[in-house]
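J.: Listed below, chain by chain, are the residues.
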Amino acid sequence: MEAESNSWKEMLLAIPFRNEAADVEPENNGIRVTVFAKENPVPLLLRWLIKTSDRKYYSIDELGKYVWEQCNGNNSVETIVDDFANKYCLSFHEARVSVCEYLKVMIQKGVIAIGMDKN
Amino acid sequence: MTKTKDIIWRELAISVPSEWEILQFSKKEENGFVAFADRYQFRLELRWNQLPKKPNLEHMIQDNLARIRKKSTLTGDRLVNYKNWQGFQATINQELRTHLVYWTDDQRLIETTFIWPDKVDKGLIKKLTNSFRTVDEEHQHWKAFGLDINTQKDLFLDSCKIQPGSAKFLFQDKKQLQLEIYERIGLLDQWLKKPVNEWLKLQEPNGVNNQIYKETAIGNHRVFSVRGFISAMSFPKWSKKKNRYWADAWICPEDKRLYHVSRIFSAKEKVKDELLFGQYLRCCETASVKGTI
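Protein chains in written order, with our numbering: chain H, 1 to 119; chain B, 1 to 293.
Honestly, the hints are just simulated from the structure, not real lab data. Cβ coordinates follow ideal geometry from the N, Cα and C atoms, glycine included. Keep in mind that the hints are not guaranteed to be accurate.
Which stretches of chain B does chain H cover? Using the computed rule of at least three CB atoms under 8 angstroms from a CB of chain H, they are [what the hints assert, rightly or not]:
#, region
1, 14-28
2, 73-81
3, 253-260
All chains should be modelled from the sequences, with the hints used to inform the complete structure.
T.: Right, here's the structure in full:
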């Protein structure tokens, strides 16, 4: 069988948390999230010359805002996918692909973190 | 009782549990596959292979088992039969699978692989294998991703783009004389800022002329149509009325998605001015009623 047989169930059981240190402001239909930068991209010796902010800003659209709001530490990825599918009239896997793409980007930006149940 | 839905792909029809979705597919005609998944994992792969003559299925199953035994950990293997389907059930690399083969009247070897999360569901195998059939209709019938398409027999599937909230099939003939597009698009509140008739105008390819726009009500569907002419799709393009351009678009009240179908075909073809809605593309039961403009 060419189709990968591994399951994505584990990923669906994960619980995403919002970065509590992030500032959130409304922007158009979505939100603007401000987080502390993980590291300064400018080398130490050049920082007197190139001023950079220690904060980073990310614009999240309406769909991303919904995903962000659901990441309250109580909802599993599966619950968020189900709610997203109901709200936007999508099939489960259409919603899964969309939600996971938003989560992936938000994790990379440090806007949310993922927790796994030990059991 | 598990609720099922019909899928028709490459003139092979099968009823699968409603919550299963196609996650992988190939659009090849001679040999290819469709893989279905439930919400947690892949559950079924359907593979076809056009062959010049029927192979010895018993030998094939034994060869297959021997090959798997060499490469993987295989335990609890036993031969199984479900009506005209035969194969084996085994635990391969700690995964319980049922592998069945079937020979169709149109010379195709069908191989199905069921993957079981815990135990084999014989009832489900029976239900699925009983529902399986080859489709030979007047038109080329496809049913997948929420689209129910009846396209011309002489067209081939040129592309099939599936994204969250969007499915698009494009068919054309080898001489590039005809073209048909079928689309189903969701998330309308997020991007559709114009009325459907205005959106339909934006889908017209360059060079469409002598357009007539109409609106037809069928059941609770409001179908917007354009009928016009267009020059040939390839050189020479002398006549602006070489081909007809027909397109319909509507929002299905049941699933709240936008459906769009368009055809480019020879102006010499004798046709009644019927809607493409229902005849070429169906969204739900209401759309099985043929409409005339």
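J.: Hint by hint, say whether it matches the structure.
T.: Evaluation of the provided hints:
1. 14-28: Coverage by chain H holds here, the residue count being 4 at a Cβ distance below 8 angstroms.
2. 73-81: Answer violated; 0 residues pass the 8 angstroms Cβ test.
3. 253-260: holds (count 3)
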